[in-house]
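*Asks:* So the protein sequences, as listed, match chains A and B. Each residue of the first sequence is one higher than the last, beginning at 1 in the working numbering. Each residue of the second sequence is one higher than the last, beginning at 1 in the working numbering.
These are calculated hints, taken from the structure and not from any lab test. Nothing here was measured: the structure is a model prediction, and the numbers come from that model. Treat the hints loosely; a few may be bogus.
[To be verified] So the derived list for chain B, only partly shown, Cβ under 8 Å to chain A, looks like this:
#1 L267
#2 W270
#3 Q311
We put the beta carbon where it would ideally sit given N, CA and C, even for glycine.
Given next are the chains, with one letter for each unit.
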Amino acid sequence: MKEKKVYGLTALFDTPDRIIDAVKKISSDGYKKFDVHTPYPLHGMDGAMKLKPSKLGYITLVFGLSGALFALLFMFWAMSIDYPMVIGGKPFFALPAFIPITFELTVLLATLSTVIGMLTFFFSFPSNNHPLIGSDYMRSVSADKFGISIEAEDEKFDDIQIRALFSKLGTIQIEEIYYPDTETFPMFQKKFILFLLVIAILTGGTTYFVLNKLLFMQPFNWMMTQDKLIPQERSEFFSDGFGMRVPVDGTVARGFLPYEFKGEVNPASFLSNPILLTKKSILFGQQKFLTFCSPCHGNFGDGDSRLRGQFPNPPTLHSNRVKEMPDGQIFHIINNGQNIMPSYSSQTTVEERWAIVNYIRVLQRAKNATQSDLEEIKKESAANGK
Amino acid sequence: MANRVLEYQKKDLPQNMSKLGWALFAIGALAGVAAFYVDNTRAAYNYLIAYMFIMSVGVGSLFLIALEYVAGADWSVPFRRLMEFFAALVPLMFILIIPLLFNLNELFPWMNKKLVEGDAILTGKAPYLNSTFFIIRVFGILLLWTLFFYLFTRNSMNQDSTKDQKFTKRNIIISAIFIPVFAITLTMSSVDWMMSLEPHWFSTIFGVYYFSGTMLAALATLTLAVIFLNEKGYFGKLLIPDHLYSLGALQFVFINFWGYIAFSQYLLIWYADLPEETVWFLHRWSGSWAFVSIFLIIVHFVVPYSILLSQPAKMDAKRLKIASIWILFAHILDLYWLIMPNMNEGKSGGAVFGWIEIAFPVALVGLILVVFNIRARNKNIIPVGDPKIERGLNFRL
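Hey, can you work out the whole structure from these sequences and the hints?
*Replies:* What follows is the structure, encoded as structure tokens:
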């Protein structure tokens with residue numbers, strides 16, 4: 001049978017005073033690789049063990065400072081450079097408002113780096129095994145006893161000497177600790193991983209059930225539930241039960257002022273074109289003409305319908321009669337309709353109709369352009385384009 | 001470890017300490033009296049700064065005593081007597097208040113009846129801010145503090161000879177009563193003496209702000225006394241760095257606390273940007289006061305924070321001494337920043353500084369030394385009868 005490898009010797013003590021005296025003796029005897037386990041922290045233990053101040057503070061300092069710097073720089077970049085936004089009339093770089101976040105990030109990085117640094121540099125994470133785990137010694141020191149363990153790797157380690165020393169110091173129990181037979185990481189055992197999985201599913205499931213089903217409360221319902229009806233919904237308030245109400249008589253929708261000369265023959269003298277003939281208004285009129293008028297009147301107002309004779313073709317807009325019509329009359333016809341043409345007052349706004357009138361005038365002139373018109377256009381294009 | 005005999009022998013404090021105290025006090029007081037003749041208003045404001053400083057050290061020490069009893073602390077037991085000596089400034093405030101009583105009209109705008117009548121806000125505050133109620137409050141608070149000072153010290157002194165544990169128990173009960181009383185009275189004092197200098201303005205955190213300064217002043221004076229007496233061997237056995245560490249850590253805590261409170265007050269007022277609140281900071285930002293404000297952040301937070309950050313700094317007597325003196329200076333500057341801008345309120349002119357501003361702090365330091373010496377005469381420097389004294393002296397982190 002293979003002999004087990006010795007990890008070290010442990011001794012248990014009864015009181016905190018005893019263990020501090022014992023530790024003082026052991027550290028002054030020159031032992032280096034020993035550790036102390038107590039059920040609670042003891043004042044003065046660091047000094048008795050002659051421990052050097054921990055280096056962990058430097059990790060905390062560095063990460064804390066970088067947290068502060070990162071927070072400040074990031075907020076400076078985000079709020080002052082990348083996406084400057086005026087908030088509450090404060091400057092883009094509003095330092096007082098940034099300080100709480102800087103503080104939070106400093107603390108966050110400092111604490112996280114402390115814990116992670118402690119685990120990696122001092123606790124040799126991810127290994128979570130140690131020869132002392134599972135021993136009687138560990139059971140005692142995590143309950144009511146105070147223990148010292150001296151490792152076999154210590155230069156001065158000598159079984160008989162240490163046993164003598166321990167009994168001289170008044171120990172109540174000495175235990176020899178061995179390395180486990182095989183180097184196993186309990187973390188990678190199937191049982192452990194299975195256990196973790198089950199726990200994860202259990203806690204996740206329970207949390208989901210409790211929070212989403214059992215105790216579900218709307219986190220905030222400011223916009224989720226409102227005292228309004230959506231279209232087609234039944235109303236509890238009105239006696240007829242209709243949620244959608246008819247507007248009060250005489251209600252006028254915005255931009256749809258009713259046409260006051262409806263049905264009259266020729267009110268042109270009362271109507272004057274309020275839209276100036278500008279390039280913008282002409283282009284606007286063209287767009288509307290092509291949308292609403294061209295299906296019957298044709299793209300150039302020639303009366304050549306694209307509807308291919310499904311309706312009687314409307315007359316051309318280039319006849320002398322239409323040319324001589326005042327603007328108001330064309331506007332009136334669009335509003336009121338004429339013969340088979342229906343009213344377009346519900347599809348178009350007043351502004352759009354006047355723009356269409358303007359465009360019709362442009363078409364009429366283009367169809368009958370004179371020599372002087374062409375020369376003017378030539379001049380213009382010579383001035384504009386090269 | 002149990003039956004160790006306390007090796008403490010009563011020793012008188014060195015003579016030169018008392019002499020120095022009297023000298024400083026005499027010079028400062030003479031200059032102070034002269035200041036009242038030269039510029040009455042300015043002297044009154046400076047006197048108020050000194051008075052608030054005395055209050056900080058006196059009542060702050062009283063609070064530290066109460067804190068020790070309530071928390072059941074061991075480490076501070078060896079120097080609790082020093083806090084009791086410093087707390088003797090509290091009954092002295094009955095005398096120190098007299099020059100202020102003659103100058104109330106100079107200091108407080110709300111004492112002016114005509115001004116109050118023509119001002120809706122001040123009329124609304126008149127039920128609290130009127131001279132009669134003010135005097136009642138001030139003296140009531142002083143009486144309360146003196147009463148607690150008397151109870152604490154009597155029990156503590158009696159324990160020296162009798163070594164009876166019942167005095168500790170009594171003081172714990174008194175402390176538990178004192179702490180809420182302290183919270184209310186200190187807030188009222190800070191509002192009465194400092195916030196009401198600008199009666200339109202209000203800040204609900206003001207009391208806490210003054211409290212943080214109070215703790216710093218009391219801790220810094222205590223630390224200085226502890227280090228000085230420890231060097232001369234007045235504690236029977238040497239105190240170790242662990243004691244100093246605890247003092248330094250508390251100082252560090254309250255440096256942070258001050259920064260936190262001061263910033264909270266500023267942040268809320270800055271964010272809300274309400275004219276009735278910002279006016280106070282605007283007065284402290286006009287002219288050269290802006291430099292004092294910036295300087296205060298550096299002096300009261302950045303520098304002491306940097307000094308006290310590392311663990312060795314808190315354990316090193318020399319560095320701790322520097323930090324303590326620095327903090328006392330910072331507290332005076334803090335009070336100067338709180339009080340002086342109201343002197344020229346509404347008028348042009350920035351920070352004023354001259355021999356008057358130096359005279360009062362000099363007298364103040366002298367007075368604290370003198371009071372400490374008189375109180376320490378023929379008394380044990382450490383509470384020898386306290387049941388926790390052994391544990392306190394052997395304190396380890």
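*Asks:* Quick check: which numbered hints come out false for this structure?
*Replies:* Structure breaks no hint.
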